[in-house]
Amino acid sequence: MSDNILVALDGSECGKRALNAAVKHAKLTGSSLVLTYVIDWSPYSFNTPEENEQRHKRRESEIQRAHDSVLNPELMALSDSGLEIKTVVRHGKIAATLVDLTREYSIAQIYIGRIGESRLHSMIFGSVTAALVQASSVPVTVVP
Amino acid sequence: MSRLFLAFNLMVISLANAHAGIDETINNATAPIAELIGKIVFFKIPIGEANLPVVVLWLVAGAVFFTIYMGFINLRGFKHAIELVRGDYADPNSHGEVSHFQALATAVSGTVGIGNIGGVAVAVTVGGPGATFWLIMAGFLGMSTKFVECTLGVKYREEFADGHVSGGPMYYLRKGFSERGMEGFGKFMGTFYAIGIFIGALGIGNMFQSNQAYVQMNTVTNGALDGYGWLFGLLMAGVVFMVIVGGIKSIAKVTEKIVPFMAIFYCFFALIVIFMNISVIPQAIANIFSGAFTGEGVAGGALGAMIIGFQRAVFSNEAGIGSASIAHSAVKTNEPVTEGVVSLLEPFIDTIVICTITALVIGTTQVAYPGFAGDAQGVAMTSAAFQTKFEWFPYPLAFAALLFAFSTMISWSYYGLKGWTYLFGEGEAGQTIYKIMFCAFVALGCVVQLGPILDISDALVFLICVPNILGLYFLAPIVKREMESYFSRIKSGEIKNFRKARAQ
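Those sequence lines, one after another, are chains U and Y.
If you use my numbering, the first sequence corresponds to residues 89 to 232, in order.
If you use my numbering, the second sequence corresponds to residues 61 to 564, in order.
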């Protein structure tokens with residue numbers, strides 16, 4: 089079934105509002121939710137050998153922290169909602185990773201909070217939400 | 061930590077009072093040691109006029125054997141190496157681990173260093189233009205040696221309960237030999253290698269680097285640093301200290317980011333210099349080929365040129381030394397062969413691309429401006445070649461040399477550390493002792509002159525090739541089996557190409 093809704097959380101208030109909107113949507117349509125937290129990571133950075141050695145350990149703890157502090161609290165809060173909810177934490181470039189997840193989890197709709205980026209930052213690196221809207225193959229709802 | 065730093069400062073102050081006479085004293089003390097070590101390691105067989113060091117023969121024989129035994133993996137694996145680095149086979153569920161690109165970049169930043177700038181100049185001075193040909197050849201063959209040693213490094217590494225890993229030749233020598241029922245011999249070889257890489261880390265990966273950085277800085281400032289080698293050395297040691305003991309990662313991070321750009325910058329200007337000498341390129345290339353087979357004007361003729369070329373190539377790309385194997389072992393992967401395949405690219409980038417470019421800069425300049433370098437040697441000679449076209453080039457080159465030296469030292473401090481922890485355990489206190497010692501040698505490197513330093517570091521690095529390559533011979537069948545299984549699974553599609561899957 090392709091009625092899944094993807095919600096991109098980042099631990100911010102905006103993300104929470106996006107989740108609320110997504111919950112309403114899911115209840116109306118009987119869809120299930122996929123809550124995700126993408127950890128910004130590039131396979132093309134340069135590391136020292138010590139960092140490489142520690143990398144596996146660090147990755148595990150980053151994933152654990154994302155579950156503990158962002159995804160699980162929301163999952164608990166929604167435990168009575170009767171919705172079917174999955175959670176996933178993934179490393180990668182945020183927009184591209186969300187697009188990949190759309191395919192993997194047969195997502196029909198993405199909800200994302202407007203990420204608080206400074207104007208300078210988005211001028212240099214481009215805005216994550218804008219990149220997502222450009223690249224996504226399914227409708228994207230950006231919640232302010 | 062702060063107490064350590066205070067002690068370090070006190071050392072600086074007391075040394076500052078002792079004046080510059082130190083340089084000479086230490087130099088006089090180390091020269092005879094260098095000579096002795098060099099004599100033992102580079103035991104030579106005289107063939108006609110040429111002297112063939114047994115250890116060079118040992119390395120070349122190994123590289124040729126692995127190239128043939130692995131069915132020219134250096135050619136066959138090349139395309140797959142690029143696919144791996146590009147991330148085609150990266151499972152999204154393991155994103156966040158060290159990527160193949162990162163593993164490669166870390167290992168390359170350990171090998172791309174002063175050797176690429178200065179070592180090539182030494183090769184061309186001593187071995188004539190023909191040495192370049194053998195340098196490239198050695199790079200090509202060395203790709204196979206790297207493949208074998210990096211695959212083994214990952215396969216036999218040690219994983220500790222807290223998730224960190226230690227690997228490298230000392231581990232595959234010990235475990236590999238004991239698997240074949242030679243436990244005692246394996247232990248001996250592992251320990252021998254660990255001692256070697258530890259001492260080598262203080263030489264080639266440390267003193268040689270800081271020495272060349274100092275020489276280069278001194279040259280561009282017209283000798284303003286004469287007699288202040290100890291001060292320059294202490295400053296450099298201080299920065300290394302802050303990174304490896306103080307854990308100030310930001311310095312290393314900045315360096316690791318600048319180094320690739322410096323390498324590209326260097327190659328870019330080198331190519332410009334080569335093209336500015338475009339009219340003499342055919343002559344320079346002809347010199348390389350004729351020199352390779354006739355060895356005109358070189359002691360020992362063609363064989364002499366060949367020996368020098370091979371020696372410098374190994375010194376630069378470290379194939380057969382086993383150091384890259386330590387760097388690759390840190391990577392979490394279920395397929396040891398992937399790290400081996402990726403490591404093929406290191407001698408390619410380091411020797412076939414960067415060293416060849418340097419050799420061409422010197423080669424074309426030699427034809428266009430005979431005697432351009434005067435008495436200059438090593439880095440200074442390369443610098444003089446660039447200067448014929450770009451008057452200002454020695455300054456950025458000196459800066460590049462400093463950064464290359466620094467990043468190489470950081471990488472080698474890790475290799476030496478792994479040798480040390482193999483010998484003395486993973487204890488924190490012991491690691492700190494090692495790191496402080498490492499810093500002391502950084503300072504020492506700027507004090508002794510190039511001659512004895514080059515000899516000591518060359519000798520030590522070649523010495524650890526002996527146990528390493530012996531182990532590679534013994535374990536080659538295991539690598540071959542792994543390699544065949546891996547490539548058959550790639551073919552059958554059992555190992556998934558995620559890039560292709562995504563495109564569908």
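One should not assume that every hint holds.
[What the hints assert, rightly or not] Computed list of lysine-lysine pairs in DSBU-like fashion (alpha-carbon distance at most 30 Å, straight line):
| no. | chain 1 | residue 1 | chain 2 | residue 2 |
| --- | --- | --- | --- | --- |
| 1 | U | K181 | Y | K560 |
| 2 | Y | K235 | U | K174 |
| 3 | Y | K247 | U | K181 |
| 4 | Y | K99 | U | K145 |
| 5 | U | K145 | U | K174 |
| 6 | Y | K556 | U | K145 |
| 7 | U | K174 | U | K115 |
| 8 | Y | K317 | Y | K99 |
| 9 | Y | K235 | Y | K247 |
| 10 | U | K181 | Y | K317 |
Calculated directly from the structure, the hints in this document are not laboratory data.
This structure is a prediction, so every number in the text was calculated from the model and none was measured.
Results for each hint:
no.	hint	verdict
1	U:K181 / Y:K560	19 Å, holds
2	Y:K235 / U:K174	44 Å, violated
3	Y:K247 / U:K181	45 Å, violated
4	Y:K99 / U:K145	46 Å, violated
5	U:K145 / U:K174	24 Å, holds
6	Y:K556 / U:K145	25 Å, holds
7	U:K174 / U:K115	15 Å, holds
8	Y:K317 / Y:K99	40 Å, violated
9	Y:K235 / Y:K247	8 Å, holds
10	U:K181 / Y:K317	19 Å, holds
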